[in-house]
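Protein chains in written order, with the working numbering: chain D, 66 to 317; chain Z, 212 to 576.
FYI, nobody ran anything at the bench for these hints, they're computed from the structure. All of these numbers come straight from a predicted model, not from anything done at the bench. Keep in mind that the hints are not guaranteed to be accurate.
Listed next, the in silico DSS-like pairs over lysine-lysine satisfying Cα-Cα at most 25 Å (straight line) [unchecked claim]: (1) Z:K483 x D:K162; (2) D:K232 x D:K218; (3) D:K218 x Z:K406; (4) D:K162 x D:K85; (5) D:K190 x D:K218; (6) D:K98 x D:K313; (7) D:K162 x Z:K569; (8) D:K151 x Z:K569; (9) Z:K541 x Z:K483; (10) D:K187 x D:K232; (11) Z:K406 x D:K151; (12) D:K190 x D:K232; (13) Z:K541 x D:K162.
Here is what each chain is made of, one letter per residue.
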Amino acid sequence: MKFAPSNQPYDTGNFAVFTKNLEKQFGSFTAVKHVNLAVEQGEIFGFLGANGAGKTTAIRMLCGLLLPTSGSGTVAGFDVWRESEKIKQNIGYMSQKFSLYNDLTLAENVEFYGGVYGLNRKTIKEKRHELLDSLGLTASAGRLTRDMPLGYKQRLALGCALLHNPKIIFLDEPTAGVDPEARRNFWELIHELADKGKTVFVTTHYMDEAEYCNRVSIMYQGEIVALGSPQSLRHEYKKASMADVFIKLVDK
Amino acid sequence: MSRIFPIIIKEFIHISRDFRTLIVVIVLPVVMLFLYGFAINMEIQNINMLVLDHSNSPESSSLIRKFSGSDFYTVLPFDGTEAEIETIFANREADMALILAGDFAAEHARSPETTVQILIDASDPNAAQAIRNYTNTVIQFYNMAHGAKPSFEITPTVWYNPSLKSAYFFVPGLAALILIMISALLTSVAIVREKETGTMEQILVSPVRPVEIIIGKVVPYIILAFLDLIIILNIAYFVFDVPFVGSLGLLIFCSLLFIFTSLSLGLFISTKARAQQVAMMMALVATLLPTVMLSGFMFPLSSLPAPLRVLSHLVPARYYLVIIRGIMLKGNHFLQLLPQVLALAGMAIVLMVVSARKFKTNLEG
Numbered sequence: 066m067k068f069a070p071s072n073q074p075y076d077t078g079n080f081a082v083f084t085k086n087l088e089k090q091f092g093s094f095t096a097v098k099h100v101n102l103a104v105e106q107g108e109i110f111g112f113l114g115a116n117g118a119g120k121t122t123a124i125r126m127l128c129g130l131l132l133p134t135s136g137s138g139t140v141a142g143f144d145v146w147r148e149s150e151k152i153k154q155n156i157g158y159m160s161q162k163f164s165l166y167n168d169l170t171l172a173e174n175v176e177f178y179g180g181v182y183g184l185n186r187k188t189i190k191e192k193r194h195e196l197l198d199s200l201g202l203t204a205s206a207g208r209l210t211r212d213m214p215l216g217y218k219q220r221l222a223l224g225c226a227l228l229h230n231p232k233i234i235f236l237d238e239p240t241a242g243v244d245p246e247a248r249r250n251f252w253e254l255i256h257e258l259a260d261k262g263k264t265v266f267v268t269t270h271y272m273d274e275a276e277y278c279n280r281v282s283i284m285y286q287g288e289i290v291a292l293g294s295p296q297s298l299r300h301e302y303k304k305a306s307m308a309d310v311f312i313k314l315v316d317k
Numbered sequence: 212m213s214r215i216f217p218i219i220i221k222e223f224i225h226i227s228r229d230f231r232t233l234i235v236v237i238v239l240p241v242v243m244l245f246l247y248g249f250a251i252n253m254e255i256q257n258i259n260m261l262v263l264d265h266s267n268s269p270e271s272s273s274l275i276r277k278f279s280g281s282d283f284y285t286v287l288p289f290d291g292t293e294a295e296i297e298t299i300f301a302n303r304e305a306d307m308a309l310i311l312a313g314d315f316a317a318e319h320a321r322s323p324e325t326t327v328q329i330l331i332d333a334s335d336p337n338a339a340q341a342i343r344n345y346t347n348t349v350i351q352f353y354n355m356a357h358g359a360k361p362s363f364e365i366t367p368t369v370w371y372n373p374s375l376k377s378a379y380f381f382v383p384g385l386a387a388l389i390l391i392m393i394s395a396l397l398t399s400v401a402i403v404r405e406k407e408t409g410t411m412e413q414i415l416v417s418p419v420r421p422v423e424i425i426i427g428k429v430v431p432y433i434i435l436a437f438l439d440l441i442i443i444l445n446i447a448y449f450v451f452d453v454p455f456v457g458s459l460g461l462l463i464f465c466s467l468l469f470i471f472t473s474l475s476l477g478l479f480i481s482t483k484a485r486a487q488q489v490a491m492m493m494a495l496v497a498t499l500l501p502t503v504m505l506s507g508f509m510f511p512l513s514s515l516p517a518p519l520r521v522l523s524h525l526v527p528a529r530y531y532l533v534i535i536r537g538i539m540l541k542g543n544h545f546l547q548l549l550p551q552v553l554a555l556a557g558m559a560i561v562l563m564v565v566s567a568r569k570f571k572t573n574l575e576g
């Protein structure tokens with residue numbers, strides 16, 4: 066294993082996420098190549114790309130699920146090589162699978178994730194009331210999760226990922242398979258989080274969703290091929306929509 | 212450590228809501244024990260015996276009465292030809308035939324060592340062997356009652372299972388089989404299910420350490436397997452009268468070790484399998500067949516071909532069978548079982564270390 070020169074001081078500033086030449090190889094296949102990012106605190110940062118472009122691998126490295134092959138990075142100021150435990154305490158994560166237990170009730174799911182994050186019983190109870198109440202699901206607290214519509218599962222999963230009040234939230238394809246109205250509602254929720262000062266790092270392959278982000282990066286075959294605000298990218302590539310920008314970049 | 216409890220509690224909720232798991236855990240051991248105990252009776256009874264009595268004499272009737280008076284035989288008088296016997300065997304209407312020649316009475320008067328002809332349907336060799344032994348015994352008693360002197364007699368003394376009861380043999384084997392199946396199968400499926408649904412990833416991004424996840428997932432199944440052990444021992448002792456000579460504490464300690472080895476096997480399987488179906492198949496192949504065939508449960512290890520005998524050293528049940536038979540029937544103490552205990556512990560440690568290492572990295576790709 067090649068160790069990154071993480072003992073060299075580099076300026077992470079106050080960035081929520083900062084990477085320098087972050088790279089991941091699986092055997093001879095390079096899934097993520099030289100990724101350089103600097104995500105500001107409170108920013109909604111879109112991570113765009115087709116399926117298989119390397120988004121999920123990159124997000125897993127940032128969440129401490131995977132070690133990079135080389136390069137360096139910090140998340141919430143902690144090193145991705147050595148401080149994954151601290152990173153985990155400071156981030157929330159939700160995948161496209163809305164990882165709830167279908168055979169547990171809504172309340173049991175909340176209690177489980179609260180427990181896993183080491184919250185005490187009193188806090189868990191309060192958070193459970195608060196969360197189910199905010200989703201209008203108090204009456205359904207005892208229902209099995211499998212019986213709930215997808216849109217509710219998605220919002221409950223997000224709530225569970227936020228129980229420990231993390232500074233940064235990673236959302237991996239959070240809107241995959243959800244109907245357009247639920248998607249729009251979900252983005253409103255994301256904006257509310259950003260208004261509360263949380264950094265949202267979100268991957269998607271829906272190019273129209275890029276417009277909801279402060280800044281986006283477009284990933285293609287493991288590399289970041291464009292980075293900037295949606296307006297500046299549309300302007301730079303002289304296209305009317307982000308979908309057209311994406312097609313132009315990929316066709317190159 | 213407090214983060215382990217939510218995982219244990221959640222696992223018990225899964226188990227309590229999954230009808231199939233409950234069936235496997237509670238009903239399977241009971242059904243298997245009673246099936247082996249009552250339905251699959253290895254002792255032979257109800258032998259249907261055709262009797263062709265060409266002699267028709269008081270002597271021949273006296274011999275036939277010896278058979279009809281025993282619990283094992285149902286005598287079916289028959290006066291057809293010997294060729295017809297084959298048809299009757301083919302139709303499974305009789306298991307054997309006793310043919311008494313016309314000069315039976317005269318022969319018997321001359322020498323008490325009379326010869327009779329016996330035909331046995333040997334399509335089931337074990338049953339045929341048993342029938343032959345029973346029949347020989349009956350005839351010998353008859354001869355002795357009429358003055359024949361036995362030349363000399365072999366009187367085997369069978370230790371630890373004097374009446375050769377089959378319960379003594381299948382209870383330890385079933386205990387091994389049930390414990391390893393419950394532990395390896397349920398653990399591997401429970402872990403792989405979380406990989407499939409993505410919840411494993413969700414737990415891994417939390418500050419819970421992998422070893423805490425493993426403990427939390429495994430503890431409920433240790434408890435379930437232990438419950439099964441108690442069910443098995445109670446049925447063995449109270450229903451099938453299997454004696455218990457040795458120390459209960461030692462048996463429980465060794466059984467927990469065996470359960471732990473089996474769980475490690477389940478954990479190892481879960482690092483290899485990506486889908487529940489695959490995990491289930493792998494667990495069945497790794498537990499069911501080796502435990503039945505290569506542990507000394509069904510076939511003595513000494514009768515295995517050399518390559519399989521070598522392979523049997525990798526089967527945990529092989530060691531556990533020595534332990535449980537040794538404690539229940541012979542009253543072995545700990546030092547006598549040390550090699551087996553060390554073998555199980557060694558296997559558990561190797562499997563645990565390999566699995567724990569794989570567990571951290573198996574989310575890649």
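Now for the hints, and whether the structure bears them out:
1. Z:K483 x D:K162: 22 Å, holds
2. D:K232 x D:K218: The given pair, whose Cα atoms are some 22 Å apart, holds under the 25 Å limit.
3. D:K218 x Z:K406: 19 Å, holds
4. D:K162 x D:K85: The given pair, whose Cα atoms are some 29 Å apart, is violated under the 25 Å limit.
5. D:K190 x D:K218: Between K190 (chain D) and K218 (chain D) the Cα gap is close to 19 Å, so the pair holds against 25 Å.
6. D:K98 x D:K313: 21 Å, holds
7. D:K162 x Z:K569: 23 Å, holds
8. D:K151 x Z:K569: 22 Å, holds
9. Z:K541 x Z:K483: Roughly 40 Å separates the two Cα atoms, so the pair is violated.
10. D:K187 x D:K232: Between K187 (chain D) and K232 (chain D) the Cα gap is close to 22 Å, so the pair holds against 25 Å.
11. Z:K406 x D:K151: With Cα atoms ~24 Å apart, K406 (chain Z) and K151 (chain D) stay inside 25 Å; holds.
12. D:K190 x D:K232: 22 Å, holds
13. Z:K541 x D:K162: Given that 25 Å is the threshold and the Cα spacing comes to 55 Å, the pair is violated.
In terms of the numbered hints stated before, the structure departs from hints 4, 9 and 13, listed from lowest to highest.
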